[in-house]
Every structure is written in structure tokens, then in C-alpha cells.
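**Student:** So you can see what is in the structure, the chains are spelled out below.
Number of protein chains: 2
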Amino acid sequence: MTAASDLIQPNGQGSAKICLGCWDQMHVPIPIRGPLALPFRAFGITRSKMNPNICTICERSFRYVKKKRHVTVSATILFADIRGFTRLSERIDPVKLSELVSMFQDLCAQAIWAHDGIVNKQMGDGLMAIFNFPIKIGDHAGAAIMAARDIQRRCTAALDRLNADLDSSHGPALGVGVGVHTGDVEIGEFSTFRSDFTAIGGAVNLAARLESKAAAGEILVSDATAAQAPDRMTGAEPRLLALKGIAQPVQARVLIKS
Amino acid sequence: MTAASDLIQPNGQGSAKICLGCWDQMHVPIPIRGPLALPFRAFGITRSKMNPNICTICERSFRYVKKKRHVTVSATILFADIRGFTRLSERIDPVKLSELVSMFQDLCAQAIWAHDGIVNKQMGDGLMAIFNFPIKIGDHAGAAIMAARDIQRRCTAALDRLNADLDSSHGPALGVGVGVHTGDVEIGEFSTFRSDFTAIGGAVNLAARLESKAAAGEILVSDATAAQAPDRMTGAEPRLLALKGIAQPVQARVLIKS
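Chains U and V are the protein sequences, given in the same order.
Numbering-wise (this note's numbering), the first sequence opens with residue 1 and increments by one.
Numbering-wise (this note's numbering), the second sequence opens with residue 1 and increments by one.
The hints are simulated quantities; they were obtained by calculation from the structure and are not laboratory data.
Please note: incorrect hints may appear among the correct ones.
Treat identical chains as interchangeable: a pair holds within one or across any two.
[To be verified] Simulated pairs of lysine-lysine, DSSO-like, Cα-Cα distance not exceeding 27 angstroms:
no.: 1; residue 1: Lys17; residue 2: Lys136
no.: 2; residue 1: Lys244; residue 2: Lys66
no.: 3; residue 1: Lys49; residue 2: Lys244
no.: 4; residue 1: Lys244; residue 2: Lys67
no.: 5; residue 1: Lys213; residue 2: Lys68
no.: 6; residue 1: Lys67; residue 2: Lys136
no.: 7; residue 1: Lys96; residue 2: Lys17
no.: 8; residue 1: Lys17; residue 2: Lys244
no.: 9; residue 1: Lys66; residue 2: Lys96
no.: 10; residue 1: Lys213; residue 2: Lys67
no.: 11; residue 1: Lys68; residue 2: Lys121
no.: 12; residue 1: Lys136; residue 2: Lys66
no.: 13; residue 1: Lys66; residue 2: Lys121
no.: 14; residue 1: Lys67; residue 2: Lys96
Owing to the predicted nature of the structure, the values given are computational and were not obtained by experimental measurement.
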């Protein structure tokens, strides 16, 4: 961990005085809170929507930060989405649906931020998070697993209340499925017209495929992630999975919400 | 169509003098090109990354534009992604993979912009486009089908070159799958911490499910879209699909690249 981490008292909304991403990637202190942040704000440099402890420089100026269009980084990727959402979306009114999506996105973001991950993509009832960029995390596999457990814990209470309100004609009970995988990913800008960074590569796709196989309440963790954070895998059970687009069956471990 | 459309000569990079989104949604002329755009740029109002004919006000200030957190809009949703990408991503080097993703995203964006759609989400080798918000389009179903055909046309030449370079050990030949569906969607901001708008709802999920069933070179168009643009459906064949999370089989029409 870096010296900058001394400046945070972890909580859902972030409290770092300087951008942890710019510090970890460039050792440049960019003020994001307090009076020193004011002149930066006047130039449009504010806290990022991906994580309140990073700034819009690391969010939107990847090439400036890394001096390259993309870099290879060892990272842990987390995907989460709401199981039963498609069926529900045909049956409840749009205002309720919007509230459900907002609640899910907010609860997940707080869980991810609490472990220094960033919410890189939100897609309706789903999201993708990156652990170890731009905030460096020594144990990024462990951080992602803790965030996944946190997502399940925070969402269960909220969704159980909603499930109690919906009768069974709305389809199966709502829950959250999570997939986590660790590997080398390519991080950078992958189109000439967008400037916010993202991650691509086989490891990203494997994390997405794991998530698509996770039932409500389950976290599917790849063997690669589990091997890096064995102490976070208490109670996990092995499962062999056939994943779309991946030739060999994949061995993964299942954590079920307690 | 609105008076503002007189100001565009359609091309991939956009050429409207004022933001077509702010004009169509609020009848407010926001200069985005030419000398009148300079003072706006000084205040951070620039062309949006979602479409070069709209501005960052309609991209990021949905609540200011619509005076609500979300609105119900009849729209056509298009999803596209690269078939064979997951398998390929395990086998080629990250630089080549990045070039492929950038090329795909750029070609798709040009096709979507040429028909007044917006690139709302990019997710690795996939994207989601919205037709009829914030730029209003009388025949949004037809515009989306034309964009889908354009995507197939533009990507085919590029991917065929790449396929010729890759031997068959890299897996099946690369191609693009597209899904298109028209219906009422909820457009707005769906988390308290992000300010760019998106679309959610059953119609969005159906478009995504259709895309997931499209083979390389195919465009799967829902019956709802086809019924609104019958003259764009020449050569289409019916197909009955079982889609994940949707109780009844869905009747769709398949357009195959010519």
C-alpha cells in the first residue's frame, strides 16, 4: 500500500484527501477534498464517478496518466447482476423497476468502494468492477472476494423485502449473482472517440461467464482468484462449469451467502 | 424531424452546428461547432462521446433536460458484439486484441451515428445503442435496422481480412451478431452517483437476448421492430427463439448480411 492510503478512513462515500489513482500510478498528489481541491474543481477536475477516492484525470485521461494507449495489468475483475430481472422487467411498472436498479447499483458501488475497487461499467441490472487499477491493492483477489460477499450481504436484505412484496406470479425470487476472476487484463482506451478507460481480454470474459452461471445468492470464484486468497474462501465448494466460448470445462469455487 | 436537422449533412463524425438532443428535447439551441461554440466550450460544454451531434448537457444532465429522474420513451434498442471473441481472447496477443476492439467500436459508432442513434454503452467487444433519444427520429425502427445493416457491412470487410490472417486453430471465424427491438423503455439516471443517462426495462433486455442468439453475420430483429419498418426487412426469414429469462418463445426475423 502507498502513503496515500494513510489519508483514507474507508467508508462508502470515500474520504481520501488526494486522488489515490493518480498517486498510485504517477506519484502525483491531486487534491480531491478540502480547500486545496477548489482550484482543481474550477478546471473541471473532480471526483470520479467510478470511485470517490479517484479523480477525473485518472478516469478520462488514461493516455496522460500512463503515456500509452493501454497497459497489461494483473487485476481482479468482478461482475454482478440481478437474477430474475428480465422476467420481472416484463411484469412490474417502470418506476418500481428504476428504483430496484438504482438501489442495486448504489449498494454494489458502496461494497466495491469499501474495498478500493472501481465501478468501471454499469449496464442496466449489471455492473463490472476492477480491483488493482488505478488504485493499487496488494491483495486484489482478496479485496474482490470481500466486496462480492459485501454485495450479497447488502443486497439480500433489500431484495428479501422486495420479494416479500411480490407474489410468485412475478417469477422466481430476485437475488444477485456474482463472478470473480483474476488474471492479466489489458487496461486502456479502446475506441478513438471515448476517453474513459476500461479492461478487456480473456480474463474479463471469463469473469463475465462465471457471473452468468451464478445462481441467486451465489459468488462463483475462479481457481486463479481462490489460489491467491485462500483465507477468504472458507466454506467454498468446487464446481465444474461448461462456459460459452471457452473450450475446456472451467473449475470454479462457489461461495453461498450465509 | 425538427428544423435542427436542416443543419446536418450526415457523416460519421457529425456536423450539426447545434446540439440536436437539446434542440429536440428542450428547443434550446446549444452551439457545438463554429465560433459560437467557443464560449460554451470554456464552460465545459462540448460534443458528447455518445454522438458527435449532441452535447455534454444532454449526456450528463438528464435531470436538467427532462426535469425528472427518468421518462418512458418509445425507442429502438440495438445490441452488437463480436462472435468468437472470447475464444480468440485466450489465443492472440493483447495488442492485436485491443486493435480489434477499437476497430469494431469505431466502425459500429460510425454506422450508428450515420442514422442518428447514440452509443450509450460500450462493454469490451459489445455495445448498446439507443434510437429516438435524445435525437428524435420519426422512423426509429427503420433507422436502427439500417444502422445494423451498416454495422454488418462495415465490419465484414475488416473482419474477413483478420480471419484470413488467423489460422483455424484460433477457433471459429470472427463475425458480428446484432439484436434489435422496439418498445417502451425507461430512460434516465439509475444510480445516485452516475450522471450519464441510460435505458432500462423489458425491451432493453429483449434486445440483448436477441443479440446473444444472433450468429456471426446475423441481425435478429423482433416482430415489434419489423412491423414498424416492413420496407427495411427485405429478405428476412422468421425464427422462433427460446430466450433466457423470457417465459414464452419469441418470434423474430433474421437478416443475413448480403
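**Student:** Hint by hint, note whether the structure agrees.
**Tutor:** Tested hints:
{"no.": "1", "hint": "Lys17 <-> Lys136", "verdict": "within (17 angstroms within a copy, 43 angstroms between copies)"}
{"no.": "2", "hint": "Lys244 <-> Lys66", "verdict": "neither (33 angstroms within a copy, 41 angstroms between copies)"}
{"no.": "3", "hint": "Lys49 <-> Lys244", "verdict": "neither (32 angstroms within a copy, 31 angstroms between copies)"}
{"no.": "4", "hint": "Lys244 <-> Lys67", "verdict": "neither (35 angstroms within a copy, 43 angstroms between copies)"}
{"no.": "5", "hint": "Lys213 <-> Lys68", "verdict": "neither (35 angstroms within a copy, 36 angstroms between copies)"}
{"no.": "6", "hint": "Lys67 <-> Lys136", "verdict": "within (18 angstroms within a copy, 39 angstroms between copies)"}
{"no.": "7", "hint": "Lys96 <-> Lys17", "verdict": "neither (37 angstroms within a copy, 39 angstroms between copies)"}
{"no.": "8", "hint": "Lys17 <-> Lys244", "verdict": "neither (44 angstroms within a copy, 45 angstroms between copies)"}
{"no.": "9", "hint": "Lys66 <-> Lys96", "verdict": "between (42 angstroms within a copy, 19 angstroms between copies)"}
{"no.": "10", "hint": "Lys213 <-> Lys67", "verdict": "neither (38 angstroms within a copy, 39 angstroms between copies)"}
{"no.": "11", "hint": "Lys68 <-> Lys121", "verdict": "both (21 angstroms within a copy, 23 angstroms between copies)"}
{"no.": "12", "hint": "Lys136 <-> Lys66", "verdict": "within (14 angstroms within a copy, 39 angstroms between copies)"}
{"no.": "13", "hint": "Lys66 <-> Lys121", "verdict": "both (20 angstroms within a copy, 24 angstroms between copies)"}
{"no.": "14", "hint": "Lys67 <-> Lys96", "verdict": "between (45 angstroms within a copy, 19 angstroms between copies)"}
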